[in-house]
Amino acid sequence: MITIENLTKYYGNNRAVNHISFTINDNEILGFLGPNGAGKSTTMNMIAGYLPMSDGTVTIYGADITKEPGKAKRNIGYLPEIPPVYPDMKVKEYLSFCAGLKRVPRGERKNEIERVMKLLKIKDVEGKLIRNLSKGYKQRVGFAQALLGNPKFLILDEPTVGLDPNQVAEVRAIIKDLKNEHSVIFSSHILSEVSAICDRVVIINKGDIRAIDTIENLERSFVNSLVLHLKVKGSKSKTASIIETTKGVKEITSIDDEGNDIYSFTVQLEGDADAIRDSIMDDCLKNHVSIIEIFTDKPNLENVFIELINRPVKKSGLQELLDETPDESEADAEDQGEEEKEEE
Amino acid sequence: MFPIYKKELQSFFYTPFAYAMAALFMLLFSLSFSTGIAQIEETNTWAFSFTEMFYSVILYFIFLIPILTMRTFADERKNGTEVLLMTSPVSTAKIVIAKFLANITVYLFMLAGTVVFPIITSMKGEVVVSQLICAYIGIFCWGAMYIALGMLISSFMETPVIAAIVGEVIMFGLLFVDDLANTPFISQYPKLQSVIYAFAAQPRFAYFSEGFIRLSDLVFFASAIIVLLVWTYITIEKRRWNRG
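Top line first, the protein sequences correspond to chains A and B. With this note's numbering, letter number 189 in the first sequence gets 496, and the count goes up by one each step, no holes. With this note's numbering, letter number 175 in the second sequence gets 207, and the count goes up by one each step, no holes.
Because the hints were derived from the structure by calculation, they are not lab data. C-beta: ideal position from N, C-alpha, C; glycine also. There may be inaccurate statements among the hints.
[Stated by the list, open to error] Capping the alpha-carbon separation at 16 angstroms, the derived lysine to aspartate or glutamate pairs in EDC-like fashion look like this: (1) LYS554(A) to ASP506(A); (2) LYS483(A) to ASP506(A); (3) LYS540(A) to ASP564(A); (4) LYS38(B) to GLU400(A); (5) LYS397(A) to GLU269(B); (6) LYS110(B) to GLU335(A); (7) LYS483(A) to GLU335(A); (8) LYS110(B) to GLU388(A); (9) LYS38(B) to ASP395(A); (10) LYS545(A) to GLU614(A); (11) LYS435(A) to GLU400(A); (12) LYS557(A) to GLU614(A); (13) LYS459(A) to ASP484(A); (14) LYS425(A) to ASP484(A); (15) LYS545(A) to ASP515(A).
[Said to hold, decoys possible] Quick look at which bits of chain B chain A covers, simulated, 3 or more residues with Cβ under 8 angstroms: (16) 34-45; (17) 108-120.
Taking the hints into account, I'd like the entire structure generated from these sequences.
What follows is the structure in structure tokens.
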């Protein structure tokens with residue numbers, strides 16, 4: 308079992324990872340999900356023992372990564388975001404170097420290299436210089452390196468980035484198979500990928516954990532609640548008070564200023580959505596707030612994800628939401644969501 | 033540790049790199065050798081010492097050693113392979129030592145080529161072997177120190193080329209530490225002068241090339257190498273902490 312406790316990383320005064328704790332069980336694939344810049348790679352680097360942490364501990368099968376790095380690192384296979392390959396080496400030469408580095412016993416090296424090359428289907432390029440390989444092949448060579456010596460714990464930082472759809476499917480299948488013998492932590496910013504292969508997910512944004520649960524539970528917890536999107540032209544506070552006083556409204560989750568007195572509201576509902584919608588429409592008309600757009604929406608997994616990463620850590624009250632002008636990070640998160648849709 | 037040493041050597045010897053370096057070094061060495069012979073007057077015997085030659089060879093090192101050491105850490109950083117080394121069960125100290133030994137091996141390979149000149153000389157003349165051995169020990173110590181320095185510079189830099197350029201400048205500057213100590217201005221302050229002079233490697237090398245092995249000089253080079261390697265180690269560890 309791998310235990311991460313209170314892991315924190317500061318870059319100067321900037322907090323990249325904020326007291327995160329979770330565990331990875333034996334034979335489990337844990338998805339590590341978050342938008343770009345959420346602190347995923349920093350966390351991965353700390354777990355792998357590359358970056359020292361500002362606070363907290365990482366324990367890998369009983370060995371603390373800072374106190375017994377040699378012992379802990381022997382159980383780790385790490386594929387960083389950029390595959391750590393030497394462009395001037397041939398594939399087989401590179402793997403043989405890595406096998407030595409990871410202290411694979413001399414007699415087993417040859418078989419071990421053959422095994423990982425077969426697993427990742429890179430046997431056909433074994434004599435090629437890594438410099439001349441395509442990005443997909445480089446990624447797979449990097450992956451092969453992580454599997455050398457059959458470490459019990461694998462850290463895979465976005466292993467499918469840059470692969471074609473066919474290769475993505477292959478790599479996912481490999482990761483699924485790895486579950487039988489390994490514990491895997493696997494980061495991605497693509498939700499569908501994580502939901503396809505992971506047992507549990509950790510959702511992180513801006514260094515904070517937003518959720519740790521199975522995909523099913525996450526979906527279930529959001530399925531009962533409905534979301535109302537409302538875009539109005541008029542007074543922000545007036546609209547907010549209308550929504551707040553309407554029966555069946557759970558909370559206003561966001562207010563975006565779109566300029567020219569146009570505001571869009573995202574509202575969580577409980578109960579009969581149609582009745583609530585009609586009631587809000589009536590009240591808005593009475594109060595001379597013109598509605599540009601209004602619709603209710605069932606949250607799908609994608610919405611759950613976007614909702615989770617955008618949700619403030621401490622739930623802010625209505626006043627706080629009203630005062631808050633849309634900052635950059637929210638815009639980023641939206642871009643992120645769009646990107647993901649495109650990628651899918 | 034051994035896999036890293038082996039990999040470093042491969043990167044020198046599986047590419048034209050080490051051979052080109054050795055060839056260039058040999059060319060420069062032979063140029064000063066033939067110049068040396070041309071300067072011998074008729075009255076002299078062929079038994080000329082290699083003192084002066086080794087003295088001039090030092091200058092060529094200034095240009096070759098930074099090129100040898102520039103890639104040591106800067107290249108790992110550029111390729112993103114630093115992560116691979118740092119997350120392997122090999123400790124940072126062993127990585128530094130393995131890389132230092134690999135550089136030393138290539139350096140010895142370059143030096144080995146120069147043995148041909150004393151051999152040629154001994155065929156037609158006479159070589160003062162004891163002095164020659166001393167000169168080789170001196171040049172080895174000097175080179176090892178500069179390699180450690182080059183590695184330190186490489187550990188500061190992001191790209192090999194910048195590491196090489198900075199290395200050239202610093203190593204060239206270090207040649208003149210004793211000259212600096214002897215300038216009229218510094219001479220006014222004998223204490224300052226002696227401190228600066230203590231850091232000058234050139235006069236220490238001069239003893240070696242004249243056939244003296246002094247313990248103090250050996251200690252000087254050994255401690256300089258240790259300090260520079262430890263500094264390299266600290267730099268690498270520090271960069272991990274500061275990485276953004």
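Going down the list of hints, with the structure as the test:
1. LYS554(A) to ASP506(A): The given pair, whose Cα atoms are some 38 angstroms apart, is violated under the 16 angstroms limit.
2. LYS483(A) to ASP506(A): With a Cα-Cα distance of about 10 angstroms, the restraint between LYS483(A) and ASP506(A) holds, given a limit of 16 angstroms.
3. LYS540(A) to ASP564(A): Judged against 16 angstroms, a Cα distance of about 10 angstroms means the pair holds.
4. LYS38(B) to GLU400(A): Holds. LYS38(B) to GLU400(A) sits at ~11 angstroms (cutoff 16 angstroms).
5. LYS397(A) to GLU269(B): Violated, at roughly 29 angstroms.
6. LYS110(B) to GLU335(A): Since the Cα atoms of LYS110(B) and GLU335(A) sit roughly 34 angstroms apart, the hinted pair is violated (cutoff 16 angstroms).
7. LYS483(A) to GLU335(A): holds, 10 angstroms
8. LYS110(B) to GLU388(A): The given pair, whose Cα atoms are some 14 angstroms apart, holds under the 16 angstroms limit.
9. LYS38(B) to ASP395(A): Cα-Cα ~14 angstroms, so holds.
10. LYS545(A) to GLU614(A): violated, 25 angstroms
11. LYS435(A) to GLU400(A): holds, 10 angstroms
12. LYS557(A) to GLU614(A): At roughly 15 angstroms apart (the allowed maximum being 16 angstroms), GLU614(A) and LYS557(A) satisfy the hint.
13. LYS459(A) to ASP484(A): holds, 13 angstroms
14. LYS425(A) to ASP484(A): With Cα atoms ~14 angstroms apart, LYS425(A) and ASP484(A) stay inside 16 angstroms; holds.
15. LYS545(A) to ASP515(A): violated, 33 angstroms
16. 34-45: holds (count 7)
17. 108-120: Contact hint for the region 108-120 of chain B vs chain A: holds, 10 residues under 8 angstroms.
When held up to the earlier numbered hints, the structure conflicts with 1, 5, 6, 10, 15 and fits the remainder.
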